[in-house]
Amino acid sequence: MSSHREAPEISKDPVADSTDLYAFVSPENNGTVTLIANYIPLEPPDAGPNFYEFDDNVLYTINVDNNGDGIADIVYQFSFTTTLRDPSFFLYNVGPITSLSSGNWNRVQTYTLSSLDARGRVATLGTGLPCPPCNVGPLSTPDYASLAASAVSTVGNGIKAFAGQRAEGFYVDLGVVFDLGNLRPFQGDHAGWSGTGLPAMAAGVNSTKGVNVHTLALQIPMDQLTRDGRAPTSSTGTIGVWTTASRQQVRILEGGGGGPSGMVSNHGQYVQVSRLGNPLFNEVLVPLSTKDYWNAQPPSADSQFAGLVSSPQLAALLPGLFPGVFPNLAAYKKLRADLLAILLTGIPNGIVPGFPGNFTGSVQADMLRLNMTIPPTATDQASNLGVVGGDNAGFPNGRRVFDDVVTIELRAIAGLTVPLVDGSYTPDPAAGAISMGLTSGASDLTAMGTENYLDAFPYLGQPYSGYNAVV
Amino acid sequence: MRRLNRRQFLQKGSLAVAAAGVASAVPGVAGLLSEEAPALGPETSAGADAAVPSMSEALVARVTDASSGEIEMYFGTSSTTVRDPQLAARLVRAAQ
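Chains Z and A supply the protein sequences, listed in that same order. Residues 1 to 471, numbered by the working numbering, are exactly what the first sequence covers, in order. Residues 1 to 96, numbered by the working numbering, are exactly what the second sequence covers, in order.
If you are wondering where the hints come from, they were derived from the structure by calculation, not from laboratory data. Everything hinted at is true.
Derived Cβ-Cβ restraints for the label pairs, each shown as a range:
no. : chain 1 : residue 1 : chain 2 : residue 2 : range
1   : A       : 83        : Z       : 81        : 36 to 46 Å
2   : A       : 67        : Z       : 128       : 45 to 55 Å
3   : Z       : 288       : A       : 62        : 23 to 33 Å
4   : Z       : 120       : A       : 52        : 28 to 38 Å
5   : A       : 57        : Z       : 300       : 25 to 35 Å
6   : Z       : 145       : A       : 53        : 47 to 57 Å
7   : A       : 52        : Z       : 128       : 30 to 40 Å
8   : Z       : 28        : A       : 52        : 54 to 64 Å
9   : Z       : 469       : A       : 89        : 52 to 62 Å
10  : Z       : 448       : A       : 65        : 50 to 60 Å
11  : A       : 83        : Z       : 44        : 45 to 55 Å
12  : Z       : 313       : A       : 57        : 42 to 52 Å
13  : Z       : 257       : A       : 89        : 18 to 28 Å
Note that beta-carbon positions come from the ideal geometry of N, C-alpha and C, so glycine has one too.
Start from the sequences, fold in the hints, and give me the full structure.
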């Protein structure tokens, strides 16, 4: 997946597991940028009585680097507080929740949003900010859209904030990806296909359909993100973004005399246990033994992983998995400078015709890089393939909710983007044909209508209702 | 407006926690433990009472290397490492 359950240890700690990160110029408000970080992968909508929530003991951050050193210049931190309005009651709600102050809502979560700027100044942007409840069902949360809308807060510095449940917006066909890379549209050419008795082609399956996530979303005036505090220009307009989750080092399950049985206490400093910049970086490029280590590292230390990017294991495997399908890729022995640029430094101006680039300098750091001077693309002209589809407002120039990032990255790894840096290379036709099979084409921004994206903040759709959970 | 670097920002946890000064209590505790520690046992506990500050929450200690006396301590939102071979030895003996 993008980053869902991507490392062995963090997969056991879903409330701290980052799943997706988005950064884009807000289409309805062009003076701002929207940053979205999702956590808690694959939430079944009907998972009561303890519906999903952020963890009070996890510090969640969205980080922005505006000078290209891979070190955060601005940190937005979310810390949560959970309260029970009626500790004696046994359920999440006692009746319909028609407002965030409803006495029928028993287990309530609020958050404090703080920021740290490049000068080391800490500001509390908001306290007691409301999260919406989970979408329990039509009897419990009868007007969920209004309820969620009332949980959008305008906090200090004109920043808009939201923290709560949303429909999963990321789409992927996990079955084919993890079944030995059985990629569309050439499953029939897979080395292991003969004898399965299955048809060579089948419709794509959206593995994340019908599940929810928990979203941290911010809409921030651009001049608060540039290093000079002014509107973005060609020299100041590109930022690098990543999200992290941190936990205290020690967790004690009480019961031995130190505290009440059944309770948990946490001690010590916070250490980073999850991070995410570009989708699939940790999932696809980093070995299993190193994934949790990667999660604990800062982007500024990512040069240690550069070899995994310049010689990706998957690119070496594809020709063997699909004999005769990727001959040019098989013959290509150079380091993958295209992937190093896309994922670790940004793409310099002049590499992609018409794209001013999002290069941040020589420091190799996995960050989602957004050139804020590039305006959003009108919906009727947008491509879910982003820059490789001729749409410079999409991935890897930031990432929008509808971008087909799995298809884009798989095509890149398969060699489609090599000519950007090496004119002597001709991609295999198959590299440009890889598809998740979950959209009708590059202009399809709906992922077959399954994600219910919104036109405005926080963009990710209303969460699936527990009552209507997809079976 | 207070000034922190990013690591301090995370170590402080929520600003409410930082404002309460929990983390700032750690150096005192670390200093106490790294000094010549009294032997464990009832005969010394009374004498030590006067020097032990009050604690609002538990302090967790981990002896990571008894031979060098390295002890990691977790208190509030801070972690501290001290070296005290005698204390480490007493803790190991007490745990066995």
